[in-house]
Structure formats: structure tokens, C-alpha cells
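**Student:** Just so we're aligned, residue 1 is where the sequence shown starts under the UniProt record's numbering, counting upward by one.
There's no promise every hint is true.
What the hints assert, rightly or not - Capping the alpha-carbon separation at 20 Å, the derived lysine to aspartate or glutamate pairs in EDC-like fashion look like this:
(1) K138 <-> E44
(2) K49 <-> E112
(3) K127 <-> E67
(4) K49 <-> D108
(5) K32 <-> E103
Unchecked claim - Cβ pair distances, simulated, as ranges:
(6) E103 <-> K127: 23 to 31 Å
(7) E137 <-> L29: 24 to 32 Å
(8) P134 <-> T42: 36 to 44 Å
(9) R126 <-> R151: 18 to 26 Å
Hint data in this document are derived by calculation from the structure and do not stem from the laboratory. We put the CB at the ideal spot given by N, CA and C, even for glycine.
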Amino acid sequence: MAKKGKGIKRHKSLYPLSHHHQNGLAIALFLKRAETEESTFTVEEIKQKLQRFWESGGNEHFRDEEELLLPAYARYVSLDEPEISEMLVEHVHIRALVQQVLETTGTDDGVEAMHRLGTILEQHIRKEERVIFPMMEKVLPEDVLERLHPRFHQVDPPS
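All chains should be built: construct the whole structure from the sequences, respecting the hints.
**Tutor:** Below, the structure is given as C-alpha cells:
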């Protein structure tokens, strides 16, 4: 396994997912800062960033995890682990909040949804990086991880 950033070790085959997580953390920060003194963007600009992030790989990222990574993992262990169930429920919750934010005009409810989405997205990403991915790296054989790599959706950094 290769060493990533600040001490997190990640198998190189999972780099596309981890790179997308980095972009997701940037979006989460923008969302959490919406209409605060720390924000350098308007609510509308943040929504545009979220939409670009989501349409250029956010939804595909979840599909990669759900349709590629989890089935590979399920060949070796049971998916009855609470962390896996939580991950899938969080995917549904995040999808719902993304739609809510994108469909809401600049109201207090929309800003509150942005803050909620930012918090949940950050927590979700950190859990995947610190808990879920290490669980999978311990179980999945090298050849399986290598075969998954080219199938993961590649993303560009947020703009």
C-alpha cells in the first residue's frame, strides 16, 4: 500500500475514490460555510460548485462504491457489518440532500440544508477513508484491487 497525504495509507487502486473524497471535502467546506463570514462564495456559487461536483462524478462515485467495490468485498466477507449499512444509508441521505439543495432557492431552509449536507458529507468521507476503505483493503486480494482500479470513475478537481 502506498502512503497518502497525512499518514493515511491507501492502496493505489483506491486512489480515484480517495481523490474524489478530497474534492468532496472541499465541497463540504463550501457548504458548511454558506452565508457565514468565512465564505468567499455566494449561495448560488456554492450551489453551482455542488452541481458541477455532483454531475462530474459525485453520483458516479457512489455507484463505484455500491456496484464495484461492495460486490467485490461481499465475495470475501458478509455485508452485515454495521459500517457498511451506515455507509449505504448515508449515500441515500446525501443524495436526498444534494437534490434538496439544488432545488431550493436562496432561503433559510436552503442554507440550512447546505450546512447539513456539508456536515454529513464530511463525516461520511472521513468514515470511508478511516474505516470502510481500510476494512476492504485488509480483505480484498491484490489482484482484485488491481482489476477494480481502471473501472473507477476518474474526476477532475472542483473549480
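**Student:** Next step is simple, just say for each hint if it's right about the structure.
**Tutor:** Do the hints match the structure? See the list:
Simply put, K138 and E44 have alpha-carbon atoms about 42 Å apart, too far for the 20 Å limit, and the pair is violated. The straight-line distance between the Cα atoms of K49 and E112 is roughly 17 Å, inside the 20 Å bound, and the hint therefore holds. Taken as a hint, the K127 and E67 pair is honoured in the structure, with Cα atoms around 19 Å apart against an allowance of 20 Å. Distance restraint check for K49 and D108: the Cα-Cα separation of roughly 19 Å lies within the 20 Å cut-off, and the hinted pair is therefore satisfied.
With a C-alpha separation of about 18 Å, the suggested pairing of K32 with E103 holds against the 20 Å cut-off. About 27 Å separates the C-beta atoms of E103 and K127, a value consistent with the hinted range of 23 to 31 Å. E137 and L29 have their C-beta atoms about 26 Å apart, which keeps the hinted 24 to 32 Å range intact. Against the hinted window of 36 to 44 Å, the Cβ-Cβ separation of P134 and T42 comes to about 38 Å, which satisfies the hint.
Between R126 and R151 the beta carbon distance is about 24 Å. The supplied range of 18 to 26 Å therefore holds.
Of the numbered hints given earlier, the model fails hint 1 alone.
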